[in-house]
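**Q** Residue-level listing of the chains:
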Amino acid sequence: MAANPMYQFNVYRIGPEIKINSIDISFTNASLFMVISSLAILIIFNLGTKRSIIPNKIQLLAELSYSFISKMISDTAGSKAKPYFSFIFSLFMFVLFCNMFGMIPYSFTVTSHIIVTFVLAAFIFIGVTVIGFIKHGLGYLKLFVPSGVPMVLLPLIVVIEIISYLSRPISLSVRLFANMMAGHTMMKVFGGFVVSLGIVGGWLPLGFSVALTGLEILVAFLQAYVFAILTCIYLNDALNLHH
Amino acid sequence: MLKKIIFKFLNLSLIFTYSAQSAESGGMPQLNPEFWISQIFWLVLTFGLLFIILSKFILPKISNNLETRKSQILENIETADKQREEAEKKVKEFDKIINDTKVEAKNVFNSERQKVLDDINNKRLSLEKDIEQEIIKAEKEIDQLKKTSQEKVTKIATETSSDLIKQLIGEDINKSSLSAIVEDLSKKEMEKHNGI
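Respectively, the protein sequence lines represent chains A and B.
Numbers 1261 to 1503, taken from the numbering used here, label the letters of the first sequence in order.
Numbers 3 to 198, taken from the numbering used here, label the letters of the second sequence in order.
Since the hints were derived computationally from the structure, they do not count as laboratory data.
Glycine is no exception: its CB is placed at the ideal position from the N, C-alpha and C atoms.
Mixed in with the good hints, there may be bad ones.
Under the rule of at most 30 Å between Cα atoms (straight-line distance), these lysine-lysine pairs were calculated in the DSSO-like manner [what the hints assert, rightly or not]:
1) 58/B with 1395/A
2) 149/B with 139/B
3) 1342/A with 72/B
4) 72/B with 1310/A
5) 1331/A with 58/B
6) 58/B with 1317/A
7) 63/B with 1310/A
8) 189/B with 154/B
9) 157/B with 142/B
10) 194/B with 149/B
11) 58/B with 1342/A
12) 58/B with 1340/A
13) 63/B with 1342/A
14) 58/B with 1310/A
15) 177/B with 194/B
16) 154/B with 168/B
17) 1331/A with 72/B
18) 72/B with 1340/A
19) 149/B with 131/B
20) 63/B with 1340/A
21) 63/B with 1317/A
Calculated from the model, a selection of chain B residues having no Cβ within reach of chain A, i.e. all distances over 10 Å [claimed, not checked]:
22) 134
23) 168
24) 172
Just need the whole structure built from these sequences, with the hints factored in.
**A** This is the structure in structure tokens:
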């Protein structure tokens, strides 16, 4: 069963079954890795809050990440997005740590599950839409009517814009989920080749496995970054209404 | 060898199809809704807690640290600028003092030199005056001596010649004619003397 490359995505219960009104909210391996990621973030960044003028290594890490995300937000969404800094920071760190913990062999990748990424993306989508309507009222609907489009094309463009807007949560969630799933599946498949080809032919897939591990670590960071930066871009649309 | 490779390839393709089949039979665990509610619940719980703790406790501290560091650096730069300005001022003062003292030293030197020169001049002048006076005096004396010496010489010559004549001839000769002869001779001698 372990040869099945999809087996690693199985969710199973850890400990007793917890049910509230016949809804199963048992603690699973997915929950375990969510808790581990959150705790790791909290521990690392709490260690990074020491008050010293010359920072130590962990403090430097925390402060660099802080200024990295702060710069990313101000670059993409402007200064109006400052109140949402902590949300985007938490989002980026959560996705990053979940992706990175998934890179440890025999661990579980929380973000390789569509339901998790979809809940995050849907929350972002709904939040951004609500912010847009609060900031601009019904004027937020102007987002769907780009300026400088000929009247003939306008009905078509509006429909396209609405579809693209509504598909944002899907594209955002599927991008992260599919990247994670594909990468981990591929690593599992190549790992299986190493075992089945044995000492004679196993070296090539082993090399591939090593290269893929590096690539996957890059992808883990990149997808977290893309997730955060797309959130910033959506937020920018809601706050600044550029169209 | 070839057989072995072919066998391995077969084996590989078998594994591939097997794994594909098993994935198909098991399906994607992601699409199994059994634990969806549980995952959503735990996601909301952990991410919510993470967000609250980060935004309430940790991130303000980090931003505070960054702010204090920034302000401290600015402050340090400011004090450094101030100190540099002060140092420049001190250097200017120092230069001014050195220049002043140089000028003063020059002045002192010049005035002293002037004094010394004046002194020398004065002394020389007075010395020259003295010397001139001495020269004049000496010239006068010489002149007098010249005059008196001629008279004396003629007198002596007259006397000696009268004495000589008295001893030679034994009688006195008119003194005035004798002196006239002597004077005449001496004049001739003198002319001879001075003429050369």
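**Q** Taking 30 Å as the top limit, are the C-alpha atoms of residue 189/B and residue 154/B close enough?
**A** Within the cut-off at roughly 13 Å; holds.
**Q** Quick one, are residue 1331/A and residue 58/B close enough, alpha carbons at most 30 Å?
**A** 20 Å, holds
**Q** Check whether the Cα positions of residue 72/B and residue 1340/A lie no farther apart than 30 Å.
**A** Distance of about 22 Å is within 30 Å: holds.
**Q** Given the hinted pair residue 154/B and residue 168/B, is their Cα-Cα distance within 30 Å?
**A** 20 Å, holds
**Q** Hey, residue 1342/A versus residue 72/B, does the alpha-carbon distance stay inside 30 Å?
**A** 19 Å, holds
**Q** Given the hint that residue 63/B pairs with residue 1310/A, does the C-alpha gap stay at or below 30 Å?
**A** 8 Å, holds
**Q** Decide, holds or violated, for the assertion that all CB atoms of chain A are farther than 10 Å from the CB of residue 172/B.
**A** Holds: least Cβ distance 144 Å, greater than 10 Å.
**Q** Take a quick look at whether residue 58/B and residue 1395/A sit within 30 Å of each other, Cα to Cα.
**A** This hinted pair holds, its Cα atoms lying about 25 Å apart.
**Q** Is the straight-line distance between the alpha-carbon of residue 72/B and that of residue 1310/A 30 Å or less?
**A** Holds - the C-alpha atoms of residue 1310/A and residue 72/B are around 16 Å apart, at most 30 Å.
**Q** Hey, residue 63/B versus residue 1317/A, does the alpha-carbon distance stay inside 30 Å?
**A** Answer holds: residue 63/B to residue 1317/A is near 17 Å, not above 30 Å.
**Q** Decide, holds or violated, for the assertion that all CB atoms of chain A are farther than 10 Å from the CB of residue 134/B.
**A** 91 Å, holds
**Q** Assess, step by step, whether the Cα of residue 157/B is no farther than 30 Å from the Cα of residue 142/B, and give holds or violated.
**A** Holds. Residue 157/B to residue 142/B sits at ~22 Å (cutoff 30 Å).
Hint violations for this structure: none, all hints satisfied.
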